[in-house]
Amino acid sequence: AQKVTQAQTEISVVEKEDVTLDCVYETRDTTYYLFWYKQPPSGELVFLIRRNSFDEQNEISGRYSWNFQKSTSSFNFTITASQVVDSAVYFCALWANRDDKIIFGKGTRLHILP
Amino acid sequence: NAGVTQTPKFRILKIGQSMTLQCTQDMNHNYMYWYRQDPGMGLKLIYYSVGAGITDKGEVPNGYNVSRSTTEDFPLRLELAAPSQTSVYFCASRPGQSYGYTFGSGTRLTVV
Numbered sequence: 102a103q104k105v106t107q108a109q110t111e112i113s114v115v116e117k118e119d120v121t122l123d124c125v126y127e128t129r130d131t132t133y134y135l136f137w138y139k140q141p142p143s144g145e146l147v148f149l150i151r152r153n154s155f156d157e158q159n160e161i162s163g164r165y166s167w168n169f170q171k172s173t174s175s176f177n178f179t180i181t182a183s184q185v186v187d188s189a190v191y192f193c194a195l196w197a198n199r200d201d202k203i204i205f206g207k208g209t210r211l212h213i214l215p
Numbered sequence: 352n353a354g355v356t357q358t359p360k361f362r363i364l365k366i367g368q369s370m371t372l373q374c375t376q377d378m379n380h381n382y383m384y385w386y387r388q389d390p391g392m393g394l395k396l397i398y399y400s401v402g403a404g405i406t407d408k409g410e411v412p413n414g415y416n417v418s419r420s421t422t423e424d425f426p427l428r429l430e431l432a433a434p435s436q437t438s439v440y441f442c443a444s445r446p447g448q449s450y451g452y453t454f455g456s457g458t459r460l461t462v463v
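Taken in sequence, the protein lines are chains A and B.
In this text, residue positions in the first sequence follow our numbering: the first is 102, and each later residue adds one.
In this text, residue positions in the second sequence follow our numbering: the first is 352, and each later residue adds one.
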């Protein structure tokens, strides 16, 4: 069975600090995709990244970076030099082979304090 | 490109009333989904569809019905609304299995 665990329910950091959101996944399939979504206080769900199981290269997009490690079944998300606008709930998600739906973690609520 | 459009954005229902939440997408996506998100909680799958004429239950289907007569539209029907159905409802779509979802902006429903 597929599962996504975001053990950090809520995190608070002071602006300009770096912060890492953890995501651990479970699947028996060798072909799968991992995703991160952002839900700001306005409520919409915004797609951030999609990564397939055959590509373990880390990805960087501005202040955002993602660390994919198959050995630990983790797909962690780091925000560098955090800003107040980064305050949101962040969801990690998994799609594994043949499934018709994506499995979401319960989300991590991130507070960036000014 | 409108993406995924949900209507209405807000609605207040009385207990026992019925309503339909509309969802339409203009991206020719085969896969469509309905989720609910209770306050401070994660996403729970209500129903989904892998193509026109095909629907299937998610983890919380009770009290809801769906239909998928066209590729574009995937309405969610609430029959006999209950306070437990107070939630934010998100519709989503994607073109294929390995792709991420494109979400609509949500419908905030309150049942009183």
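Since the hints were derived computationally from the structure, they do not count as laboratory data.
We put the CB at the ideal spot given by N, CA and C, even for glycine.
It is possible that part of the hints are untrue.
Covered by chain B, according to a simulated footprint, are these stretches of chain A (three or more residues, beta-carbon under 8 angstroms) [what the hints assert, rightly or not]:
(1) 148–154
(2) 193–202
Cut-off 27 angstroms, straight-line C-alpha distance, at most; resulting in silico cross-link-like pairs (BS3-like, lysine-lysine) [stated by the list, open to error]:
(3) A:K139 to B:K408
(4) B:K408 to A:K207
(5) B:K365 to A:K139
(6) A:K104 to B:K395
(7) A:K207 to A:K117
(8) B:K408 to A:K104
(9) A:K139 to B:K360
(10) B:K360 to B:K408
How the hints compare with the structure:
no.	hint	in the structure
1	148–154	holds (count 3)
2	193–202	holds (count 6)
3	A:K139 to B:K408	holds (26 angstroms)
4	B:K408 to A:K207	holds (20 angstroms)
5	B:K365 to A:K139	violated (32 angstroms)
6	A:K104 to B:K395	holds (14 angstroms)
7	A:K207 to A:K117	holds (26 angstroms)
8	B:K408 to A:K104	holds (19 angstroms)
9	A:K139 to B:K360	holds (20 angstroms)
10	B:K360 to B:K408	holds (24 angstroms)
Checked against the numbered hints given earlier, the structure breaks only hint 5 and satisfies all the rest.
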